[in-house]
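Protein sequences appear in the order of chains A and B. Going by this note's numbering, the letters in the first sequence line up with residues 1 to 623, in that order. Going by this note's numbering, the letters in the second sequence line up with residues 1 to 623, in that order.
Hints are supplied without guarantee of correctness; some may be wrong.
The list cannot tell twin chains apart, which means a pair is met if one copy fits it or any two copies do.
[What the hints assert, rightly or not] Mimicking SDA-like on lysine to any residue, the simulated pairs with C-alpha atoms at most 20 angstroms apart in a straight line are: (1) Lys299 x Pro248; (2) Lys573 x Ala498; (3) Lys483 x Trp472; (4) Lys501 x Val465; (5) Lys192 x Gly238; (6) Lys271 x Gln411; (7) Lys501 x Arg486; (8) Lys501 x His75; (9) Lys483 x Ser467; (10) Lys483 x Leu532; (11) Lys501 x Trp472; (12) Lys99 x Lys282; (13) Lys268 x Pro528; (14) Lys549 x Phe497; (15) Lys192 x Trp472; (16) Lys189 x Gly278; (17) Lys483 x Ser122.
Everything labelled a hint here was simulated from the structure, so no lab data went into it.
2 protein chains.
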Amino acid sequence: MCGVEFDAMAGERSKRERRSQDRRIVRRRVHGVHEARLDRAGQRFLLQLQRQTGLLISGKTAEPAKATLVVHTDHASKEVQEPGEDEAYTLEITPAGAKLNAANPLGVLRGLQTFLQLVDVSPDGFAAPAVSIKDQPRFVWRGLLIDSSRHFTPMEVLKRNLDGMEAVKMDVFHWHISDNQGFRAESKKLPKLHGAGSGGAYYTQNEIRELIAYARDRGIRVVAEFDMPGHSSSWFVGYPEIASTPGPFKIEEEWGVMDPAMDPTNEKTYKFLDIFIGEMTKLFPDHYFHIGGDEVNGKAWDANPKIQEFKKAHNYKSNDELQTYFSQRVQKLVNKHGKAAIGWDEIFVPGAPKDIVIHSWRGSKALAAAAKEGYQGILSSGYYIDLMWSAARHYVVDPLSGEAADLTPEQKKLVLGGEATMWSEYVNWENIDNRIWPRTAAIAERYWSPQSVTDVNSMYARLDVISERLEWVGLTHRSQPRKMLRRIAGPATPQEFAALKMLADVLEPVKDYTRGETTSYTAITTTPLNHLVDAVPPESDVARRFDEKVSAFVDGSCRDANVAAQLRTQLTKWRDNDAPLQSPRAEGVSCERGCAEFAGLDGGGDVGLSGARRDNQWHAAFR
Amino acid sequence: MCGVEFDAMAGERSKRERRSQDRRIVRRRVHGVHEARLDRAGQRFLLQLQRQTGLLISGKTAEPAKATLVVHTDHASKEVQEPGEDEAYTLEITPAGAKLNAANPLGVLRGLQTFLQLVDVSPDGFAAPAVSIKDQPRFVWRGLLIDSSRHFTPMEVLKRNLDGMEAVKMDVFHWHISDNQGFRAESKKLPKLHGAGSGGAYYTQNEIRELIAYARDRGIRVVAEFDMPGHSSSWFVGYPEIASTPGPFKIEEEWGVMDPAMDPTNEKTYKFLDIFIGEMTKLFPDHYFHIGGDEVNGKAWDANPKIQEFKKAHNYKSNDELQTYFSQRVQKLVNKHGKAAIGWDEIFVPGAPKDIVIHSWRGSKALAAAAKEGYQGILSSGYYIDLMWSAARHYVVDPLSGEAADLTPEQKKLVLGGEATMWSEYVNWENIDNRIWPRTAAIAERYWSPQSVTDVNSMYARLDVISERLEWVGLTHRSQPRKMLRRIAGPATPQEFAALKMLADVLEPVKDYTRGETTSYTAITTTPLNHLVDAVPPESDVARRFDEKVSAFVDGSCRDANVAAQLRTQLTKWRDNDAPLQSPRAEGVSCERGCAEFAGLDGGGDVGLSGARRDNQWHAAFR
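Just need the whole structure built from these sequences, with the hints factored in.
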């Protein structure tokens, strides 16, 4: 999935140059520069090769190597990764071996992934084609957002998704860590944030540091988002004093745009945020601090007479103007703590510092407008992977398309890249992998490869291969849907399961946000995601391939009798599949002799999860 | 998979009794008894319910519970679990809820697994049938042996297999941790054991303690085996002075019965073993210490004139008698360190202490002979799951069948149970789950349930269900073979993969030890286990089901035209499946323009695994 250019390698350095290089390295070594990150990358690389090839990593060194991959890098890593840090590398593979060269470790990380893409099992071991690759990304900000608020994302799930991001050379993990439905980051200074606002499901600061280190190992920055002044009900459960209305507040259980918002007219709010931003900017080392800013409906402000007075006194004609005031104050706080603010379109306000990044959910028009005024931006509109669109539909969206295509070359440089957004209303630990992958690999390619690479059929051919590789990385986007389907099938016979599978293979979840509109599945914390709609991947490969075949047949490009017969056979199979699906079978538990029905699991009672215990007796409550 | 007896519950205790019981509990609490193990079991239970049902564990407690599972236990756990510790429990499920009662925590662990077996998804949540179960195991020693020497077993693989053992109520993990092909336990007192004898792949003492704690949480004892005086080449790499021949020795790379053996005539050997056993009996808290003792071919003893002299001086007529001498000395050392010895048949020697356990690979005749002389024993003959037998073939073997069936009731009590043995010549991290599961669940049932439960068809029906559940536990016995098959298929089209799958679905690996005899796959450390034979499960469900149908048709019990048509359709499908399998396709990497061929992975070079690094340049050597 990388932009591969077949290019002549730059000439070998002269011997003397190399010698001087060696001396420099030795000198460096004396000065203590050591890149443990690359050692660990080497370990992961071998482990991944082992998985992909099924070969053993032998502990022996006696036998001479048949071929060697030599990795060279010139500079040590920066202490905190920055957007724009050089990720270029060259990879040369000849029958004699392979050479990977990069100016700095980031390039090595990217090049190793390319090598892993090239490798395949051969009769005697494995092999990689002879190529000469000179490669670097088009955009410096290639992100994936995971919303850990609506549904908590366990650490192991985050980690394997970071592994997936590394495999497709993404470099920003945008951690949407607070929202109405849960405040998920531990705060030592304001402990009621996670204490009252998370229902117990939050990341400790140690876990956060662990995840940041894990991401850094993979050349991935972690940008935390604390959405404000809206999307903040969970903050107010513990700290109602910074809200615009008196409360009481609760952790929201539905999804949608909520009324509660911070009080932008109260100095307490800014004192609170000063402490909070001070703590969090220390915890998250990245230069950018995401302050959200989206979807404030203004109802809470309208309901508060003091806020109305403040608006009048400042001559603000709209709540938008009031939010501008809030944004300006918060951006100053972020700067005060040495960071630059990033936020959704709404933070692009008059007088905003020039170092902010506009995160656009609105689209390229907004992005272009910001760039014209000298502001950096990234695009997420078109990359909302929770909408269940096809990979192709995301793939054609380019951060530099639409209005942004008309920017000057200098202005275009301000468009740093984009982010796929995994909002988690209908996403939990179990199906998140298959919601993100493999589609996000297509988006990652969009961010990395030349704008001219747009062939959708070619993309799908490569997506099949990368999807396979992502399973070896440890993601469960293929295996888990099958398990979920088995659970739905219950005590089905193999034939019945095959029938369900055949049906499921051509289904896709409803698109956009229509699921919430047409069903009652809006209660995030209690709606189980164990339905057929949750178990089928966003995009049906079977349906797509059939569609391709039908299209070719219909437009005449492939109309031989053979294809007609294939299409007919397939249609007949689907028609005949209805009978086994209709077979009358007992659903789930047989209750003929009575049974205990439990509605849901309750981890907050006396059993383990909350730590409570009554001597030798405990209760697991099922609601 | 448990022996379920539908039984009237014992009458409720009187109120006063319960009150006095409560007082006792409170008193205990004051004295500091706290069973954190049960809290953790509760957490695991809810997590497993979440996985099996797809329901959310909610953090809320506000809504009243629809039904409750009340768990009660009378006594605290023993500090070190013993064979025979009470595992009985009663489980009563009524429409009002469920009650699980057990004398001690082990019974609770077993009962929770039964509850998990009973639960299924219902339209509104989940449900369990109304039952009253009074349950306890038939045998107290229900073991699984994993050979971590021939192929190192990563910690996470061991852990998920312990989870599987818990699910099928097994209680002994026999850790075959040293053999010719690797000494895998860290020794602080004799550091060259793992240092020179493991090739770097060993468990630290911290990891060992972690695994023991993990097993204990699941009601599983860990019995370590250090095989001696044979099966010990790896010991001699670092300590040739205790061997019978001068060496030098190496970590064995082939498999089979090897010549090297400890020198039983040298006092140094016993001094060494005294130190070693002293250290290891502290590390492994279980009362039993497995000293192996099997397969000494005597060649090393024959080759050493001093040993010959010793035999003459002691009037030993055979090497067996010499081994008896060795066994007697080692058993005394084990006793000296406060433990009882367990070993293979060979340790059953005249004068052996009465507290030893004979671990029989020879069969029930040997076991019965030992029992008649008052010795305890366990059976593994018939449970060698590395032989690739069907579940049915293992299932019919009973520790009390054959000669053991004729023992007196008192003698029968000396037969403690059995162990399934996962020897790992052809087993690694990737396929071990599918070698162990689900077949071992059938063996576990044999150990737990009444001897009269022998219906093979009924067993298979239940095995399908438990196999499903084991996937939810985290085992990969179903998902990994599919991935391995995909790797073999390489860049196959979906149709081609389906054809390979159809073939693979009716294949089974060669049985017994014929693979080693008919191929050159005897080099353990270098033979990749990425072939078709490694990817197909030991037993084909498709073939078994077809066989059942054919048998019923042939014997006349089911000879209608419909069945005949089904059989014909299936046979036609298999016949027609050959064409897509034969389609000529490029294998693996296209080498048209040349390619780099690598034979295998070498982790011992300059890249990560060994920790070595040359400044900013490192080499991944491919042999």
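A quick look at each hint next to the structure:
no.: 1; hint: Lys299 x Pro248; verdict: within (16 angstroms within a copy, 83 angstroms between copies)
no.: 2; hint: Lys573 x Ala498; verdict: both (12 angstroms within a copy, 16 angstroms between copies)
no.: 3; hint: Lys483 x Trp472; verdict: both (17 angstroms within a copy, 8 angstroms between copies)
no.: 4; hint: Lys501 x Val465; verdict: between (22 angstroms within a copy, 18 angstroms between copies)
no.: 5; hint: Lys192 x Gly238; verdict: within (5 angstroms within a copy, 58 angstroms between copies)
no.: 6; hint: Lys271 x Gln411; verdict: neither (36 angstroms within a copy, 79 angstroms between copies)
no.: 7; hint: Lys501 x Arg486; verdict: both (9 angstroms within a copy, 19 angstroms between copies)
no.: 8; hint: Lys501 x His75; verdict: neither (52 angstroms within a copy, 48 angstroms between copies)
no.: 9; hint: Lys483 x Ser467; verdict: both (18 angstroms within a copy, 12 angstroms between copies)
no.: 10; hint: Lys483 x Leu532; verdict: within (12 angstroms within a copy, 23 angstroms between copies)
no.: 11; hint: Lys501 x Trp472; verdict: between (23 angstroms within a copy, 19 angstroms between copies)
no.: 12; hint: Lys99 x Lys282; verdict: neither (39 angstroms within a copy, 50 angstroms between copies)
no.: 13; hint: Lys268 x Pro528; verdict: neither (39 angstroms within a copy, 65 angstroms between copies)
no.: 14; hint: Lys549 x Phe497; verdict: between (26 angstroms within a copy, 19 angstroms between copies)
no.: 15; hint: Lys192 x Trp472; verdict: neither (40 angstroms within a copy, 35 angstroms between copies)
no.: 16; hint: Lys189 x Gly278; verdict: within (10 angstroms within a copy, 51 angstroms between copies)
no.: 17; hint: Lys483 x Ser122; verdict: between (31 angstroms within a copy, 17 angstroms between copies)
Violation of the numbered hints given earlier is confined to hints 6, 8, 12, 13 and 15; the remaining hints are satisfied by the structure.
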